[in-house]
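> Sequence:
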Amino acid sequence: MTHPHYSQFIHFLRLSNEVGRRAMALGNHPFGAVLVAPDNQTVLMTQCNIDTVNHAESTLARMAASNYPADYLWHCTLYTAVEPCCMCAATIYWANIGRVVYGMSERRLLECTGSHDENPTMSLPAEVVLSSGQKAIELIGPIPEMELETATLQAGFWKNRA
1 MTHPHYSQFI HFLRLSNEVG RRAMALGNHP FGAVLVAPDN QTVLMTQCNI
51 DTVNHAESTL ARMAASNYPA DYLWHCTLYT AVEPCCMCAA TIYWANIGRV
101 VYGMSERRLL ECTGSHDENP TMSLPAEVVL SSGQKAIELI GPIPEMELET
151 ATLQAGFWKN RA
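When we follow full-length UniProt numbering, the leftmost residue of the sequence shown carries the number 1, and every step to the right adds one.
Calculated from the structure, these hints are not laboratory results.
Glycine residues also receive a C-beta, built at the ideal position from the N, C-alpha and C atoms.
It cannot be assumed that every hint is accurate.
To be verified - Quick list of the computed label-pair ranges, beta carbon to beta carbon:
#, residue 1, residue 2, range
1, Gln41, Pro120, 29 to 39 Å
2, Ser66, His11, 21 to 31 Å
3, Asn160, Ala136, 36 to 46 Å
4, Ala155, Asn54, 19 to 29 Å
5, Asp51, Leu124, 17 to 27 Å
6, Asp117, Thr2, 38 to 48 Å
7, Ala155, Asp71, 22 to 32 Å
8, Gly156, Arg107, 11 to 21 Å
Claimed, not checked - When the alpha-carbon atoms are kept at most 25 Å apart in a straight line, the in silico DMTMM-like pairs for lysine to aspartate or glutamate are as follows:
#, residue 1, residue 2
9, Lys159, Glu147
10, Lys159, Glu127
11, Lys159, Glu118
12, Lys135, Glu111
13, Lys159, Glu138
14, Lys135, Asp51
15, Lys159, Asp51
16, Lys159, Glu149
Construct all of the structure, not just a fragment, from the sequences and the given hints.
Below, the structure is given as structure tokens:
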């Protein structure tokens, strides 16, 4: 599997924030995911957050598993501005997506959301979930250049959420 360049990390993480803004425009939480092909350039699909059980990452992973062979997905990269929660990390694992890049940690998300009833963040890092399996899924993050940008988007949304 070839590695994307650091500049591609930034580009696709910014795109995942844009997809998160699309989710907000639809009345949903500001999370987005982007699946990139093995060439590290072609966007195969994007997905915004739908609701509390259909997160951007898990929904994208399920759709990808329905549309691409597992061997192909192993060479793809899923980008998401916020570290996948345990549900999403497990779905990514079962979908056989070989690499995940995220911009901001789940712990930092909790700082942005507080104890908001709509996002009861769990303290279970994606690394723990993915390392509990039998596949060596590559997990890259947080990406320092993306933390402030992502935290600003998240904090602004949750501060104004009734």
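> Does each hint fit the structure? Answer for all of them.
Tested hints:
1. Gln41 - Pro120: 29 to 39 Å: Holds: the Cβ-Cβ distance is about 37 Å, inside 29 to 39 Å.
2. Ser66 - His11: 21 to 31 Å: holds (26 Å)
3. Asn160 - Ala136: 36 to 46 Å: Given about 40 Å between the Cβ atoms, the range holds.
4. Ala155 - Asn54: 19 to 29 Å: holds (23 Å)
5. Asp51 - Leu124: 17 to 27 Å: Since the Cβ atoms of Asp51 and Leu124 sit about 20 Å apart, the hinted range of 17 to 27 Å holds.
6. Asp117 - Thr2: 38 to 48 Å: holds (43 Å)
7. Ala155 - Asp71: 22 to 32 Å: violated (40 Å)
8. Gly156 - Arg107: 11 to 21 Å: Holds, at about 19 Å.
9. Lys159 - Glu147: holds (17 Å)
10. Lys159 - Glu127: violated (28 Å)
11. Lys159 - Glu118: Holds. Lys159 to Glu118 sits at ~12 Å (cutoff 25 Å).
12. Lys135 - Glu111: With a Cα-Cα distance of about 31 Å, the restraint between Lys135 and Glu111 is violated, given a limit of 25 Å.
13. Lys159 - Glu138: Measuring from Cα to Cα gives roughly 33 Å; hence the hint is violated.
14. Lys135 - Asp51: Status violated; Cα separation ~28 Å.
15. Lys159 - Asp51: Holds, at about 18 Å.
16. Lys159 - Glu149: The hint holds at about 16 Å.
Taken one by one, the earlier hints fail for this structure at numbers 7, 10, 12, 13 and 14, listed in ascending order.
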